[in-house]
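Using the sequences and the hints given, assemble the complete structure.
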Amino acid sequence: MNEKNGITVKDKKSWFRRNGPVLSTTGPISVWMLVFVLIPMLYIIFISFMTRDVYGGIVYDFTLDNYKEIIQPLYLKVIWKSLKLAFITTVICLLLGYPLAYYIAGKPSKTAAKLIMLVMIPYWTNSLVRLYSVNLLGATNGPINNILMDIGLISEPLDMLYSDGIVVIGLLTAMLPFSVLPLYASIEKLDKSLLEASRDLGARPHITFLKVTIPLTMPGIVGCVLLVFIPSLGMYYVPEALGGGKVMLIGSLVRNQFLVTKNWPFGASLAILLVLMTLAMVWIYTRVSKMDDLEVF
Amino acid sequence: MADVIVELEKVNKYFGQNHVIKDFDLRIIEGEFLTLLGPSGCGKTTILRMIAGLEDATSGTIKIQDERVEDKEAYERDVNTVFQSYALFPHMTTYENIAYGLNVKKIPKQEIKERVREMLEMVQLMGYEGRKPDMMSGGQKQRVAIARALINKPKVLLLDEPLGALDLKLRKQMQIELKRLQKKLNITFVYVTHDQEEALTMSDRIAVMQEGVVEQLGTPDEIYKYPGTKFVAGFIGESNIFEGEIISAKNGILKVAGSSGEKMTLLGSGFDEGEPIQVCVRPEAAVYSKEPKDGFSLKGTVRNIIFVGSQYRTLILLENGQEVKINRGRKDRDIKEGDVVYIYWEDEDGFGIRKKGQETQK
Numbered sequence: 001m002n003e004k005n006g007i008t009v010k011d012k013k014s015w016f017r018r019n020g021p022v023l024s025t026t027g028p029i030s031v032w033m034l035v036f037v038l039i040p041m042l043y044i045i046f047i048s049f050m051t052r053d054v055y056g057g058i059v060y061d062f063t064l065d066n067y068k069e070i071i072q073p074l075y076l077k078v079i080w081k082s083l084k085l086a087f088i089t090t091v092i093c094l095l096l097g098y099p100l101a102y103y104i105a106g107k108p109s110k111t112a113a114k115l116i117m118l119v120m121i122p123y124w125t126n127s128l129v130r131l132y133s134v135n136l137l138g139a140t141n142g143p144i145n146n147i148l149m150d151i152g153l154i155s156e157p158l159d160m161l162y163s164d165g166i167v168v169i170g171l172l173t174a175m176l177p178f179s180v181l182p183l184y185a186s187i188e189k190l191d192k193s194l195l196e197a198s199r200d201l202g203a204r205p206h207i208t209f210l211k212v213t214i215p216l217t218m219p220g221i222v223g224c225v226l227l228v229f230i231p232s233l234g235m236y237y238v239p240e241a242l243g244g245g246k247v248m249l250i251g252s253l254v255r256n257q258f259l260v261t262k263n264w265p266f267g268a269s270l271a272i273l274l275v276l277m278t279l280a281m282v283w284i285y286t287r288v289s290k291m292d293d294l295e296v297f
Numbered sequence: 298m299a300d301v302i303v304e305l306e307k308v309n310k311y312f313g314q315n316h317v318i319k320d321f322d323l324r325i326i327e328g329e330f331l332t333l334l335g336p337s338g339c340g341k342t343t344i345l346r347m348i349a350g351l352e353d354a355t356s357g358t359i360k361i362q363d364e365r366v367e368d369k370e371a372y373e374r375d376v377n378t379v380f381q382s383y384a385l386f387p388h389m390t391t392y393e394n395i396a397y398g399l400n401v402k403k404i405p406k407q408e409i410k411e412r413v414r415e416m417l418e419m420v421q422l423m424g425y426e427g428r429k430p431d432m433m434s435g436g437q438k439q440r441v442a443i444a445r446a447l448i449n450k451p452k453v454l455l456l457d458e459p460l461g462a463l464d465l466k467l468r469k470q471m472q473i474e475l476k477r478l479q480k481k482l483n484i485t486f487v488y489v490t491h492d493q494e495e496a497l498t499m500s501d502r503i504a505v506m507q508e509g510v511v512e513q514l515g516t517p518d519e520i521y522k523y524p525g526t527k528f529v530a531g532f533i534g535e536s537n538i539f540e541g542e543i544i545s546a547k548n549g550i551l552k553v554a555g556s557s558g559e560k561m562t563l564l565g566s567g568f569d570e571g572e573p574i575q576v577c578v579r580p581e582a583a584v585y586s587k588e589p590k591d592g593f594s595l596k597g598t599v600r601n602i603i604f605v606g607s608q609y610r611t612l613i614l615l616e617n618g619q620e621v622k623i624n625r626g627r628k629d630r631d632i633k634e635g636d637v638v639y640i641y642w643e644d645e646d647g648f649g650i651r652k653k654g655q656e657t658q659k
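As they're listed, the protein sequences go chains A and B.
Going by this note's numbering, the first residue of the first sequence is number 1, and it counts up by one from there.
Going by this note's numbering, the first residue of the second sequence is number 298, and it counts up by one from there.
It is possible that some hints are incorrect.
[As the list claims (entries may be wrong)] List time: in silico DSSO-like cross-link candidates among lysine-lysine, alpha-carbon distance up to 27 Å:
#	chain 1	residue 1	chain 2	residue 2
1	A	Lys189	B	Lys307
2	B	Lys452	A	Lys192
3	B	Lys450	A	Lys211
4	A	Lys189	A	Lys84
5	B	Lys429	B	Lys466
6	B	Lys307	B	Lys319
7	B	Lys466	B	Lys406
8	A	Lys107	B	Lys307
9	B	Lys452	A	Lys211
10	B	Lys369	A	Lys192
11	B	Lys403	A	Lys192
12	B	Lys403	A	Lys211
13	A	Lys192	B	Lys560
14	B	Lys622	A	Lys192
15	B	Lys406	A	Lys211
16	A	Lys211	B	Lys369
17	B	Lys452	B	Lys369
18	B	Lys622	B	Lys560
19	A	Lys110	A	Lys84
20	A	Lys211	B	Lys402
21	A	Lys211	B	Lys410
22	A	Lys211	B	Lys307
23	A	Lys68	B	Lys410
[As the list claims (entries may be wrong)] Covered, in the sense of this in silico footprint (three residues per stretch, anywhere, with C-beta under 8 Å from a C-beta of chain B), are these stretches of chain A:
#	segment
24	185 to 195
25	211 to 221
Please keep in mind that the hints were generated in silico from the structure rather than gathered at the bench.
Owing to the predicted nature of the structure, the values given are computational and were not obtained by experimental measurement.
Ideal Cβ placement from N, Cα and C applies to all residues, glycine included.
Right, dumping it as structure tokens:
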């Protein structure tokens, strides 16, 4: 290219000129990702194949035992329960978030911005404070039990604490704001004339919803699922704070292996499993969205 | 005579405090191509949407085939719309888009297949059934939108500026095709546009609208030749308008004294002597020359001669300061800017408009 213009520039200089802007802007984050994400990740993969010694140290002996150990019914049960609670949380987030997002999207943009702000406020309050208040609400002598007993709906306080239910409620308080945002973004972009076209062509409201609204807001729905399901799966402080150790989820399990039992290799293998499950979700997502593009031809 | 298929009576529509449709009456005849023509904001699209059921009238009655439909939802009405932005479903192929209305009505799959094929043939889109809207040109999308509406065999097809987004050449071509389609299928078309040329080309009748009322309803010919109001005269084609007063009305010939004393003649009946009148002359109907003509002529100075493609447009400044536009096919060699000329026209080329009231006369 340089010769074409009849100008010869020293290669070194031109290389720097060409790549300088790119390097200076993406360089810092690349270094950051390398040092704080990629290297720790590789290290975790590495130790997941190592052996633990009696004192909680790591012996550099290759083994697959850590992965075999996961298959024990005890751990499979924990994984199953994590999937189940994350799934329930996701479904409830969708069921609650979609109508709310739809409602907000129908408002003028100024009002919508205020409403979105209201949705986000809980997210900005400290999550532990929020969890402990959920804890207090659900306590044996907490307000919920008191009210229910006062109006005579129950005679004895419900044992809500340390149950799957309260963990799901805890997960919901953490996740709901995230579910509304992607849903709102895609519903807000939905061309309202398409809904009118569907109505005009003879479709009743529920048919329009199923055939036009849902398919066209699918990116938001998938975004919501990813944003809620994946963090719910690995979140350990929620079951810790609300489940009181009774509700064991995969996140807590990983934490226990690293910090309590001092079995780093096993903890690492569980962590890798969690990462793989996440990647599988993302893979399904990209496949679903790609298939949609390919159908054009 | 022909049957009325859509009837609007005393229809009013408010958007908040805005009174956009005012005591609107209109009867649409079965099988006709009716155009609602008017500047943007005149309420023409609102009328269309009220017929479709996408908008509720604040008051008044709307009938489709003698049946009141104010309480019927859009999906219960036997009318279909071609939207301004096409509003094709982006996640569906051409086939799925066209089949949508039939699918919703749970028509057997085999019949849907046949009818979609018929439609594709009719709008000349064979081979495009697998394409999605974003892989098609504006003209093709337009055809899909038309097919998607027509496959339902609506009693009335409503078209909301359907050609607005197309380029001039394609628009002209689609105008002819739409007209041909309408004749062939014999379906009532109600067409909304702000393009007067489009309206004149395609319509059986035109309703010229302004600020929520019909200014004039008539065939393109009537509306062009005999505009009933100053607004119509200015909106459909161009007009030179002279204010004046009738000094004599005999045998269908009006003699008018202009506001600065100039005399004009034109054909017209039903006017009274002494009545104020507006005299309109189309730019292509007026003539000018260096010599005054016996009958009457207006004196003016040539200000500008502009070449506008198919013709030359001359702007002439009258002594009272009014500017007159005259179009000519050829350039006059001996007339230059700054020359004094005399303007006149044949009696039948001028037409009068009453200052008050909206009646038309001939």
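Right, here's what the structure says about each hint:
1. A:Lys189 x B:Lys307: Judged against 27 Å, a Cα distance of about 37 Å means the pair is violated.
2. B:Lys452 x A:Lys192: 25 Å, holds
3. B:Lys450 x A:Lys211: Within the cut-off at roughly 22 Å; holds.
4. A:Lys189 x A:Lys84: Violated: Lys189 of chain A and Lys84 of chain A sit about 32 Å apart, past 27 Å.
5. B:Lys429 x B:Lys466: 24 Å, holds
6. B:Lys307 x B:Lys319: Holds, at roughly 8 Å.
7. B:Lys466 x B:Lys406: 38 Å, violated
8. A:Lys107 x B:Lys307: 32 Å, violated
9. B:Lys452 x A:Lys211: Holds, because 25 Å separates the two Cα atoms, which is no more than 27 Å.
10. B:Lys369 x A:Lys192: 20 Å, holds
11. B:Lys403 x A:Lys192: 24 Å, holds
12. B:Lys403 x A:Lys211: Since the Cα atoms of Lys403 of chain B and Lys211 of chain A sit roughly 14 Å apart, the hinted pair holds (cutoff 27 Å).
13. A:Lys192 x B:Lys560: 58 Å, violated
14. B:Lys622 x A:Lys192: 45 Å, violated
15. B:Lys406 x A:Lys211: 17 Å, holds
16. A:Lys211 x B:Lys369: OK: Lys211 of chain A and Lys369 of chain B at ~22 Å, within 27 Å.
17. B:Lys452 x B:Lys369: Given pair Lys452 of chain B, Lys369 of chain B holds - Cα atoms ~15 Å apart, limit 27 Å.
18. B:Lys622 x B:Lys560: Roughly 18 Å separates the two Cα atoms, so the pair holds.
19. A:Lys110 x A:Lys84: Between Lys110 of chain A and Lys84 of chain A the Cα gap is close to 38 Å, so the pair fails against 27 Å, i.e. violated.
20. A:Lys211 x B:Lys402: Between Lys211 of chain A and Lys402 of chain B the Cα gap is close to 13 Å, so the pair holds against 27 Å.
21. A:Lys211 x B:Lys410: 19 Å, holds
22. A:Lys211 x B:Lys307: This hinted pair is violated, its Cα atoms lying about 37 Å apart.
23. A:Lys68 x B:Lys410: Violated, at about 55 Å.
24. 185 to 195: holds (count 3)
25. 211 to 221: As far as the segment 211 to 221 of chain A goes, the hint holds, because 4 residues have Cβ atoms under 8 Å from chain B.
Violated hints for the displayed structure, listed by number in ascending order: 1, 4, 7, 8, 13, 14, 19, 22, 23.
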